[in-house]
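Undergrad: If you're matching them up, the sequences are chains A and B in order. With my numbering as the guide, the letters of the first sequence map in order to residues 1 to 283. With my numbering as the guide, the letters of the second sequence map in order to residues 284 to 530.
Hints may contain errors.
Each computed DSSO-like pair below joins lysine-lysine, with the alpha-carbon atoms no more than 30 angstroms apart [to be verified]: (1) B:Lys399 <-> A:Lys267; (2) B:Lys350 <-> A:Lys267; (3) A:Lys173 <-> B:Lys350; (4) B:Lys349 <-> A:Lys173; (5) A:Lys173 <-> B:Lys464; (6) A:Lys173 <-> B:Lys356.
Hints listed in this document are in silico derivations from the structure and should not be mistaken for laboratory results. Owing to the predicted nature of the structure, the values given are computational and were not obtained by experimental measurement.
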Amino acid sequence: MDFINDLMNYEFLQRAFVTSVIVGIICGIIGSFIILRGMALMGDAISHAILPGVAISYMLGINYFYGAVFFGILTAVGIGVVSQHSRIKNDASIGIVFTAFFALGIILIGKAQTATDLTQILFGNVLAVRSSDMIITIIIGIIIIMCVVIFYKELLVSTFDETLAASYGLPTKWIHYGIMLLLTLATVASLQTVGVVLVVAMLITPASTAYLLTNRFSVMIVLSSFFGALSSVIGLYISFQYNLSSGAVIVIAATIIFIIVFIFSPKQGVLFKALRTRKIRVH
Amino acid sequence: MGKSIDVRDLTVSYDGNEVLQDISFSIKSGQLIGIIGPNGAGKSTLMKAMLDLIHRDHGDVRIDGKKITKMRKQIAYVPQRSNIDWDFPILVRDTVLLGTYPRLGLFRRPTKADKKWADECLDQVNMLDYRDRQIGELSGGQQQRVFLARALAQQANYFFLDEPFVGIDVTSENTIITILKALRDEGKTVFVVHHDLTKVEQYFDQLLLINKKLMKYGNVKEVMQKELMSSAYNIDFNIIQSMGGEA
Numbered sequence: 001m002d003f004i005n006d007l008m009n010y011e012f013l014q015r016a017f018v019t020s021v022i023v024g025i026i027c028g029i030i031g032s033f034i035i036l037r038g039m040a041l042m043g044d045a046i047s048h049a050i051l052p053g054v055a056i057s058y059m060l061g062i063n064y065f066y067g068a069v070f071f072g073i074l075t076a077v078g079i080g081v082v083s084q085h086s087r088i089k090n091d092a093s094i095g096i097v098f099t100a101f102f103a104l105g106i107i108l109i110g111k112a113q114t115a116t117d118l119t120q121i122l123f124g125n126v127l128a129v130r131s132s133d134m135i136i137t138i139i140i141g142i143i144i145i146m147c148v149v150i151f152y153k154e155l156l157v158s159t160f161d162e163t164l165a166a167s168y169g170l171p172t173k174w175i176h177y178g179i180m181l182l183l184t185l186a187t188v189a190s191l192q193t194v195g196v197v198l199v200v201a202m203l204i205t206p207a208s209t210a211y212l213l214t215n216r217f218s219v220m221i222v223l224s225s226f227f228g229a230l231s232s233v234i235g236l237y238i239s240f241q242y243n244l245s246s247g248a249v250i251v252i253a254a255t256i257i258f259i260i261v262f263i264f265s266p267k268q269g270v271l272f273k274a275l276r277t278r279k280i281r282v283h
Numbered sequence: 284m285g286k287s288i289d290v291r292d293l294t295v296s297y298d299g300n301e302v303l304q305d306i307s308f309s310i311k312s313g314q315l316i317g318i319i320g321p322n323g324a325g326k327s328t329l330m331k332a333m334l335d336l337i338h339r340d341h342g343d344v345r346i347d348g349k350k351i352t353k354m355r356k357q358i359a360y361v362p363q364r365s366n367i368d369w370d371f372p373i374l375v376r377d378t379v380l381l382g383t384y385p386r387l388g389l390f391r392r393p394t395k396a397d398k399k400w401a402d403e404c405l406d407q408v409n410m411l412d413y414r415d416r417q418i419g420e421l422s423g424g425q426q427q428r429v430f431l432a433r434a435l436a437q438q439a440n441y442f443f444l445d446e447p448f449v450g451i452d453v454t455s456e457n458t459i460i461t462i463l464k465a466l467r468d469e470g471k472t473v474f475v476v477h478h479d480l481t482k483v484e485q486y487f488d489q490l491l492l493i494n495k496k497l498m499k500y501g502n503v504k505e506v507m508q509k510e511l512m513s514s515a516y517n518i519d520f521n522i523i524q525s526m527g528g529e530a
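Just chain A, same shape as in the assembly (with noise of 0.2 angstroms):
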């Protein structure tokens, strides 16, 4: 296959390659966490928000890794202090917060006038990954894995029911905004893969599609993983050959995973519980 060979020749293919697949996984891992946590829109929401940060980061001439796990984390804790200290709902106060920081964040870049545009911030372009962000890329990987192979058993607990494990002692605050860095993290790697508009789709759809396959967490996780890794591969080839938006392409991919998963699903598909249905009516 032509990919095959441009991607053994092209080191710039081979980049783009390693960070889709790790950018799927890590998004998978972290995305199995943040849909059973409630938290959907919390990724979108950290995403946006930490455009300021890529800004100041340029203006500053440092990576802008820097930046936005600054704004990452500055977003998490203002939203957490708005939904505390007031009677406005969790969803609410996420709007109010990242589109705050979003509209900064346009301003900012305008004003920074870097060579990288809005419009590949916005969007991503996974062709034109360096190595320093692949590396990046690597390093954000490993720590993510790490964390939630170390602290698998307290993360069940905290996401399963926080009451519980507020009673084991465990310090559920903490692991919140410990998943919310993590998040921020994910976020910044899949920058340069999908985009701030789309990294939602990567931490959502995948974890979506392992959700309606399994009721084990571990199999979730790995599953999600393994649909956001599939979805970067399929869609860097396809935007590749056809010289298509990576980000979006890839995004498409994880989006059609998802309906095959949601119309065949043994158990939550709808085709296969349409069938069940059926045949007690029948009966």
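Given chain A's structure and the hints, the job is docking chain B onto it.
TA: Then chain B, alone, in the frame of chain A:
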């Protein structure tokens, strides 16, 4: 210091409204204690405050003379079922296995022995046949039995159950109360938040009657007095009498 639970001047407020006012009592270990009171009396809040799960304005809770935070491994808490996400991807056996986590601490994984122990706990509540079901596939009573099994898996000395009998079938209720009494007979202490007054006398040794304040603490006969109950519940307790209670 003998084995006891000592609560002193426990006060809790939400947004400036006092929900619990200066609650003090001292209970000898090894008893089955019902926490009763009308709706909104603060029964669940009392339990959470005792376990240091919500902010206390002031007050002190000691178990065997030690602070709660030092006693976590000896305490098994079963929160109200209504807070659970029933679609969570977890099987019955993995839910019970959660009970072994506090003793394992950080880093250690459940071993074969832990899994076997979890199965034994599941067997005690007659739910072993359901071990491979997802928790949402069970009835309310079965779910409650699974959560009791999880608490048993903790091998605790103190049990706190918040409204375990709400919305469950008679078989499950009987299974649960039998196990709670057996725990008591082994010398464990069991607190139960309870709102159905009809069975109070068959179930508990001691009662804590609260309505924001501690109205009365004592054995069941002492607490189930008509005058006392009427003032706590603000209703005429002849109704309770006709329901089979001895108030």
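Undergrad: Hint by hint, say whether it matches the structure.
TA: Here's how the hints hold up against the structure:
A threshold of 30 angstroms between alpha carbons decides the hint, and for B:Lys399 with A:Lys267 the separation of about 28 angstroms falls inside it, so the pair holds. Between the alpha carbons of B:Lys350 and A:Lys267 the distance comes to roughly 47 angstroms, so the proposed pair goes past 30 angstroms and is violated. A distance of roughly 21 angstroms separates the Cα atoms of A:Lys173 and B:Lys350; the hinted pair therefore holds under the 30 angstroms criterion. Restraint check for B:Lys349 and A:Lys173: satisfied, since their Cα atoms lie roughly 24 angstroms apart, inside the 30 angstroms limit.
Among the hinted pairs, A:Lys173 with B:Lys464 is inconsistent with the structure: their alpha-carbon atoms are about 36 angstroms apart, more than 30 angstroms. Taking the CA atoms of A:Lys173 and B:Lys356, the gap is near 20 angstroms; set against the 30 angstroms cutoff, the hint holds.
Violated hints for the displayed structure, listed by number in ascending order: 2 and 5.
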